[in-house]
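Protein chains in written order, with the numbering used here: chain A, 1 to 62; chain B, 1001 to 1249.
The hints are simulated quantities; they were obtained by calculation from the structure and are not laboratory data.
Mixed in with the good hints, there may be bad ones.
[As the list claims (entries may be wrong)] Calculated from the model, a selection of chain A residues having no Cβ within reach of chain B, i.e. all distances over 10 Å:
no.	residue
1	VAL6
2	GLY14
3	THR47
4	GLN51
5	ASN61
6	LYS62
[Said to hold, decoys possible] Taking lysine-lysine and the PhoX-like style, the derived pairs with C-alpha atoms no more than 20 Å apart in a straight line are:
no.	chain 1	residue 1	chain 2	residue 2
7	B	LYS1245	A	LYS56
8	B	LYS1023	A	LYS56
9	B	LYS1245	B	LYS1023
10	A	LYS56	B	LYS1248
11	A	LYS38	B	LYS1245
No experiment lies behind these values; they were computed from the predicted model shown.
For glycine and all other residues, C-beta sits at the position ideal for the given N, C-alpha and C.
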Amino acid sequence: MIWNSVGDFFAMGGYALYVWGSFGICAFAFLAEPLLIKKRHSEIVQTLRRQALAEKLEMDNK
Amino acid sequence: MSNRLINWFKFASPHAFYPLAGKMIPIFWTLAALFGAAGLWLSFFVAPTDATQGEGYRIIFVHVPTSWMSMFIYLVMAGWAAMGLSLNARLSSMMAQALAPTGALMAFLSLWTGAFWGKPMWGTWWVWDARLTSELILFFLYLGFMSLQASIDDPRRADKAGAIVALVGVVNVPIIYFSVKWWNTLHQGASVSINKSPSMAMTMLWGMLLMALCLWMYSIAVALTRVRAIILEREAHTDWVKQLKEIKA
């Protein structure tokens, strides 16, 4: 085993800022990007749904 | 023969591709998770401490894969853009559009992790070195492609203009790749090359390859999700979109 303790692991041999700064930004980016795209997809679905509903109501009223 | 051709072209229409992409996305997420778990395990618990860089070298496991992906996605994006331009295929242009933000993100992460590696090892966050500068230009090419497309209202014209920018920018990719050979730079040489055996422990190499595979699968999953949103946005007026069960009133 490379690490003697959990603290040892997080200390990264004195390179904690650099190693975790790199892995941290990547983890953040790879969580944020899919969430933003999901939001984009559900927004367009919502808009189209409202349009479809509006068209249907208009048809029904005729 | 003719049957196979028809099947290929069938999925070139947004109408046929939209549900297919929806089915493929979970597969790529699963693969990304598997490769990612294995890659992280190797990166932190199996790969040995580096003789000269101590634990600081572990940045390699995100730096190299993001850099590879930033270049590879650019080539794929330019390929789709070229196909959209030459065959006038809408879906190809949409694929190029869907890949650009992910490529830009990879280029940004490559620069960021590079800075966080350069600081402890070279003593500086940034130098105007051939490798770093050409990667920065790649990042700007992605941003240029995206902002140009966003600034043109007519989507088909935006596709054409974007494709030309993407294709001109392709010349930058070999410049990045070979920059460490062509110029005397601070950046170290290629970590992996075809014609000589890798200059690192096998476990390090495997960790890097697994992380690269993870990002590859991630990029496909994200690009497919984004292209589905783009398809809906751009095909909003069509009948097939109105007939989708998630939209139909």
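Cross-check of the supplied hints:
{"no.": "1", "hint": "VAL6", "result": "holds (12 Å)"}
{"no.": "2", "hint": "GLY14", "result": "violated (7 Å)"}
{"no.": "3", "hint": "THR47", "result": "violated (8 Å)"}
{"no.": "4", "hint": "GLN51", "result": "violated (8 Å)"}
{"no.": "5", "hint": "ASN61", "result": "holds (14 Å)"}
{"no.": "6", "hint": "LYS62", "result": "holds (15 Å)"}
{"no.": "7", "hint": "B/LYS1245 - A/LYS56", "result": "holds (15 Å)"}
{"no.": "8", "hint": "B/LYS1023 - A/LYS56", "result": "violated (29 Å)"}
{"no.": "9", "hint": "B/LYS1245 - B/LYS1023", "result": "holds (15 Å)"}
{"no.": "10", "hint": "A/LYS56 - B/LYS1248", "result": "holds (10 Å)"}
{"no.": "11", "hint": "A/LYS38 - B/LYS1245", "result": "holds (18 Å)"}
The structure fails to meet hints 2, 3, 4 and 8 from the earlier list, while all remaining hints are met.
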